[in-house]
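S.K.: Sequence:
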Amino acid sequence: MKILKLKSPGKINLRLDVFDKRPDGYHNIRMLNSAVNVYDDIEIQLVERGVEIVCDNDPLVPLGEDNIAFKACKEIMAYSNKNVGVRIVIKKNIPVASGMGGGSSNAASVIMGLNQMLKINLSIEKLMKIGFRFGSDIPFFMFGAPAVATGIGETLTKVKKMPTMPMVLVNPGVSVPTKSVYEKYQRTNSLTPVELPNEFTTKKAVVRVLNNDLERVTTKQVPVVQEIKEMLMKYGALASQMTGSGPTVFGIFPDKEKAEKAAKKVQTHGDTKWRVFVAENV
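The numbering of the sequence shown is the numbering used here, which starts it at 805 and goes up by one.
In case anyone wonders, no lab produced these hints; they're calculated from the structure.
Even glycine gets a Cβ: it sits at the ideal position worked out from N, Cα and C.
Possibly wrong hints are sitting among the right ones.
[To be verified] Cβ pair distances, simulated, as ranges: (1) Glu-847 x Phe-823: 16 to 22 Å; (2) Val-978 x Thr-954: 42 to 48 Å; (3) Leu-808 x Asp-860: 29 to 35 Å; (4) Gly-977 x Lys-895: 17 to 23 Å; (5) Glu-852 x Thr-1072: 47 to 53 Å; (6) Leu-926 x Thr-954: 20 to 26 Å; (7) Ile-956 x Leu-850: 29 to 35 Å; (8) Lys-825 x Lys-895: 17 to 23 Å; (9) Val-978 x Lys-886: 38 to 44 Å.
[What the hints assert, rightly or not] Subject to a maximum C-alpha distance of 27 Å in a straight line, what follows is the list of computed DSSO-like cross-link-like pairs (lysine-lysine): (10) Lys-923 x Lys-806; (11) Lys-933 x Lys-983; (12) Lys-825 x Lys-965; (13) Lys-988 x Lys-1038; (14) Lys-965 x Lys-875; (15) Lys-825 x Lys-809; (16) Lys-1038 x Lys-1062; (17) Lys-1007 x Lys-965; (18) Lys-886 x Lys-923; (19) Lys-923 x Lys-1007; (20) Lys-933 x Lys-923; (21) Lys-811 x Lys-825; (22) Lys-1060 x Lys-1024; (23) Lys-988 x Lys-811; (24) Lys-930 x Lys-809; (25) Lys-923 x Lys-825; (26) Lys-886 x Lys-930; (27) Lys-896 x Lys-1069; (28) Lys-895 x Lys-809; (29) Lys-923 x Lys-809; (30) Lys-886 x Lys-809; (31) Lys-896 x Lys-1060; (32) Lys-1065 x Lys-1077; (33) Lys-933 x Lys-811; (34) Lys-886 x Lys-806; (35) Lys-811 x Lys-965; (36) Lys-983 x Lys-825; (37) Lys-1038 x Lys-1068; (38) Lys-878 x Lys-965; (39) Lys-983 x Lys-1024; (40) Lys-1024 x Lys-1069.
Work the whole structure out from these sequences, hints included.
M.R.: Here it is in structure tokens:
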């Protein structure tokens, strides 16, 4: 049967402000998100029956009900009148539990892919609502543009302009579950956060608003986050910061050549477990 091949991007949080805890246990947040050109490969194949997820290259990826792409697949299929099954093959490149949103991106790709393959023809707004049931980052990966996300991530406002930013991303080879970081987070700053513009014309304008309230929590658990930040700055980054709940750190560089040189230095002087990506926002 037909196979649909998709690229499932990672993301970085250029800003992540964490506010008060809600009655439902989640925190109100504000994020400035951008997708990056570090991709997982997704293949969706229609089969006779059932739902199956296969991932042969990363043992940390859950393959059944614990995988949000699996749950999202079953949900979107309920909107179809076709009596078929689905086989999803994921080739992971984005590290698991890294702060880059790989699992949410995979789920978004599956929802949009099946909407197309099965000719369900739901609107993007409806697809985003379906995705949100399974993860607050999923709607962003359907949105198709850099965005400011508020609430718990469900309200998205398009950022009209964002400069291309060459960057180096470094994952130290450990997984940090998002839930554990938020559980340890205690708000210490009650100041009104800076206002975010809806367009950025220069890298310096982006650098001015960088912030991640979760960084100090994760750094206590994974001290190497600070080491990586300092290393990226030493090798020429305009700024460096952790993304999401971590532990991946990114550095923004003046140009791609400087980013590539820095990445080689990190690979030479860093730990062999570290995964290093030269990337840019997309």
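S.K.: The structure should be examined with respect to each hint, and the outcome stated for every one.
M.R.: Outcome of the hint check:
no.: 1; hint: Glu-847 x Phe-823: 16 to 22 Å; in the structure: violated (39 Å)
no.: 2; hint: Val-978 x Thr-954: 42 to 48 Å; in the structure: violated (29 Å)
no.: 3; hint: Leu-808 x Asp-860: 29 to 35 Å; in the structure: violated (19 Å)
no.: 4; hint: Gly-977 x Lys-895: 17 to 23 Å; in the structure: holds (19 Å)
no.: 5; hint: Glu-852 x Thr-1072: 47 to 53 Å; in the structure: holds (51 Å)
no.: 6; hint: Leu-926 x Thr-954: 20 to 26 Å; in the structure: holds (24 Å)
no.: 7; hint: Ile-956 x Leu-850: 29 to 35 Å; in the structure: holds (33 Å)
no.: 8; hint: Lys-825 x Lys-895: 17 to 23 Å; in the structure: violated (37 Å)
no.: 9; hint: Val-978 x Lys-886: 38 to 44 Å; in the structure: holds (42 Å)
no.: 10; hint: Lys-923 x Lys-806; in the structure: holds (13 Å)
no.: 11; hint: Lys-933 x Lys-983; in the structure: holds (22 Å)
no.: 12; hint: Lys-825 x Lys-965; in the structure: violated (31 Å)
no.: 13; hint: Lys-988 x Lys-1038; in the structure: violated (30 Å)
no.: 14; hint: Lys-965 x Lys-875; in the structure: violated (34 Å)
no.: 15; hint: Lys-825 x Lys-809; in the structure: violated (39 Å)
no.: 16; hint: Lys-1038 x Lys-1062; in the structure: holds (12 Å)
no.: 17; hint: Lys-1007 x Lys-965; in the structure: holds (11 Å)
no.: 18; hint: Lys-886 x Lys-923; in the structure: holds (10 Å)
no.: 19; hint: Lys-923 x Lys-1007; in the structure: violated (41 Å)
no.: 20; hint: Lys-933 x Lys-923; in the structure: holds (18 Å)
no.: 21; hint: Lys-811 x Lys-825; in the structure: violated (34 Å)
no.: 22; hint: Lys-1060 x Lys-1024; in the structure: violated (31 Å)
no.: 23; hint: Lys-988 x Lys-811; in the structure: violated (34 Å)
no.: 24; hint: Lys-930 x Lys-809; in the structure: holds (23 Å)
no.: 25; hint: Lys-923 x Lys-825; in the structure: violated (40 Å)
no.: 26; hint: Lys-886 x Lys-930; in the structure: holds (19 Å)
no.: 27; hint: Lys-896 x Lys-1069; in the structure: holds (25 Å)
no.: 28; hint: Lys-895 x Lys-809; in the structure: holds (11 Å)
no.: 29; hint: Lys-923 x Lys-809; in the structure: holds (16 Å)
no.: 30; hint: Lys-886 x Lys-809; in the structure: holds (20 Å)
no.: 31; hint: Lys-896 x Lys-1060; in the structure: holds (24 Å)
no.: 32; hint: Lys-1065 x Lys-1077; in the structure: holds (19 Å)
no.: 33; hint: Lys-933 x Lys-811; in the structure: holds (21 Å)
no.: 34; hint: Lys-886 x Lys-806; in the structure: holds (14 Å)
no.: 35; hint: Lys-811 x Lys-965; in the structure: holds (23 Å)
no.: 36; hint: Lys-983 x Lys-825; in the structure: holds (13 Å)
no.: 37; hint: Lys-1038 x Lys-1068; in the structure: holds (13 Å)
no.: 38; hint: Lys-878 x Lys-965; in the structure: violated (36 Å)
no.: 39; hint: Lys-983 x Lys-1024; in the structure: holds (15 Å)
no.: 40; hint: Lys-1024 x Lys-1069; in the structure: holds (25 Å)
Checked against the numbered hints given earlier, the structure breaks hints 1, 2, 3, 8, 12, 13, 14, 15, 19, 21, 22, 23, 25 and 38 and satisfies all the rest.
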